[in-house]
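J.: With the sequence shown counted from 1, adding 48 to any position gets you the numbering used here.
For the record, the hints were derived by calculation from the structure and aren't laboratory data.
It is possible that some hints are incorrect.
Per label pair, the in silico range of CB-to-CB distance [what the hints assert, rightly or not]:
no., residue 1, residue 2, range
1, ASP156, GLU122, 16 to 24 angstroms
2, SER142, GLN101, 50 to 58 angstroms
3, SER70, THR179, 36 to 44 angstroms
Quick caveat, the model's predicted, so the values are computed rather than measured.
Beta carbons are placed, not taken as given, at the ideal position from N, Cα and C, and that holds for glycine.
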Amino acid sequence: MKKAFTLLEMLVVVGIIAVLVSLSIASFSTAQKKARDAVRKSDLKTIQAALEQYYSVCGYTYPNPAVGNLVPTEIKCADPLTTISSEIPTDPKSGSRYTMTSSVNGGDYTICAPNTPPLETEVSKSTYCLTNQQ
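Work out the full structure, taking the sequences as your base and the hints as a guide.
T.: Rendered as structure tokens:
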């Protein structure tokens with residue numbers, strides 16, 4: 049007499065494997081979203097450091113945002129030899145630039161990055177913003 053698995057046993061095993069795979073994919077996706085949000089926060093801190101350096105080196109004012117309230121692609125003083133940062137980070141998913149608003153007199157700024165849309169069960173902000181340290 050041959051011993052073999054029945055069709056029902058095979059379907060149960062395949063079903064269990066499918067459930068485990070779907071749970072793994074869901075948790076991996078959540079981890080990716082959290083990682084992108086962490087990169088965005090780190091990027092804003094990098095931009096903030098460049099803006100603060102600009103403030104102290106280039107006449108105690110902050111640069112104006114680029115067209116469309118975006119962070120400039122390059123942060124440099126009017127003096128062409130003084131470049132603070134030539135590579136400004138962009139959003140890790142879309143590659144778009146972060147937003148920036150500043151006061152009329154150049155004394156204040158706010159830079160923002162979109163967070164991954166929160167899940168229904170999470171209490172989270174949809175954007176993460178930093179303001180000047182002065």
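J.: Now look at each hint and say whether the structure bears it out.
T.: Hint-by-hint comparison with the structure:
no., hint, in the structure
1, ASP156 x GLU122: 16 to 24 angstroms, "21 angstroms, holds"
2, SER142 x GLN101: 50 to 58 angstroms, "27 angstroms, violated"
3, SER70 x THR179: 36 to 44 angstroms, "42 angstroms, holds"
Comparing the model with each earlier hint shows a violation of hint 2 alone; every other hint is respected.
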